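Here is how the chains run, residue by residue.
There are 6 protein chains.
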Amino acid sequence: MPFVTVQIGKGHSIEKKRKLVKAVTDALVSALGTKPEWITVHIDEFEREDWAVGGILHYDKHNGRHEETGR
Amino acid sequence: MPFVTVQIGKGHSIEKKRKLVKAVTDALVSALGTKPEWITVHIDEFEREDWAVGGILHYDKHNGRHEETGR
Amino acid sequence: MPFVTVQIGKGHSIEKKRKLVKAVTDALVSALGTKPEWITVHIDEFEREDWAVGGILHYDKHNGRHEETGR
Amino acid sequence: MPFVTVQIGKGHSIEKKRKLVKAVTDALVSALGTKPEWITVHIDEFEREDWAVGGILHYDKHNGRHEETGR
Amino acid sequence: MPFVTVQIGKGHSIEKKRKLVKAVTDALVSALGTKPEWITVHIDEFEREDWAVGGILHYDKHNGRHEETGR
Amino acid sequence: MPFVTVQIGKGHSIEKKRKLVKAVTDALVSALGTKPEWITVHIDEFEREDWAVGGILHYDKHNGRHEETGR
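Protein chains in written order, with the working numbering: chain A, 1 to 71; chain B, 1 to 71; chain C, 1 to 71; chain D, 1 to 71; chain E, 1 to 71; chain F, 1 to 71.
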């Protein structure tokens, strides 16, 4: 009964989510030999103002430094 | 200090949530003998496009096959 | 597809866990009308040294003050 | 690679969140000696109708009894 | 900064875990276009006596009915 | 009712945990103005073989490359 939670930044299209849950499910099937119907995947999206690395909100990192942030 | 997280599909009325947290709290009191005031219940709702079983989003399952989905 | 996580202190017998998962499942069935086979319950036990309220570990609270702790 | 999840009530300004992730990151640095860039903090906000203590939703507690609720 | 939690039954070899984290990371890279070094995977194993579907512990299901359980 | 989960590598002494929960609790008090007795902190330790960044288990990273790993 594997249960997978994927925490990612907000703003992915339903098409990307469709690919994501399929790819993650396939990954577990191939690595563990689990049947697909036993596998649940939960996508948990976060806002940029709710996530920080090194004590700096992604919101600030993004606006201030124009870096990629790996949503 | 039991802490309970209930992950369910979006769209339940406040009346249902009221019943849910009461019933879950009572369940812990009766099974474990904990005092109710020690028990926290957190309801964490998910969108249909953020949940998949067998690699298929509930959103697609619902729209395509008209099955019940156990929200 | 409700998924319930119950975080409780370590040291419950399998008999208590059996009662607990049954009672929690019944609580969801009665409050939400979900079928039992759709409901997963996960018990996640913690050690007393891994849990704190008010900045004080349960381990210390228990040893120092002889209070009940609501495992 | 510490990963910290802070579950709090909804409604904090970005300025408060900025302070929060900084203060929590500093707390881990001082207590564990971890480098700040290894520390991730995730803020997970909940609605008052999705949180209960003693079987009573915060939503009801707040409206009915005019108590502070420790958002 | 995707963060993935994989909850599975206890008892997988380190070799299987090695395959699992590689496969899950590749799945996110291919579905979302994220760089691998941004992706964290956490394996969270549970005991059979700490997991239930339909109100029945996996421990009991396994011992009583000799079914496969989809560890 | 803030609830904080701190996921860190296994092997911290109880003295370090004592400092950690105190420091994290103080951080929330200073950033949010919450009363300490409303704040719960849960330490969730993981094994090196259960955590990966970039598709590589910390267990392998540590053994193969002798790098620091930010437990």
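Just to be clear, a hint being listed does not mean it is correct.
Identical chains blur together in the list; that is why a pair holds if it fits in one copy or across any two.
[Said to hold, decoys possible] Straight-line distance between alpha carbons at most 27 angstroms, and here's what the computed DSS-like set of lysine-lysine pairs gives:
no., residue 1, residue 2
1, K61, K22
2, K10, K35
3, K35, K61
Treat the hints as calculated values from the structure; they're not laboratory data.
As the structure is a computational prediction, the values presented were derived from the model and not from experiment.
Taking the hints in turn, this is what the structure says about them:
Taking CA atoms no more than 27 angstroms apart as the test, K61 paired with K22 passes between copies only; the shortest distance there is 13 angstroms, against 31 angstroms inside one copy. Only between protomers do K10 and K35 lie at most 27 angstroms apart by alpha-carbon distance; the minimum there is 17 angstroms, versus 29 angstroms within a single protomer. Taking CA atoms no more than 27 angstroms apart as the test, K35 paired with K61 passes between copies only; the shortest distance there is 18 angstroms, against 41 angstroms inside one copy.
Of the numbered hints listed earlier, not one is contradicted by the structure.
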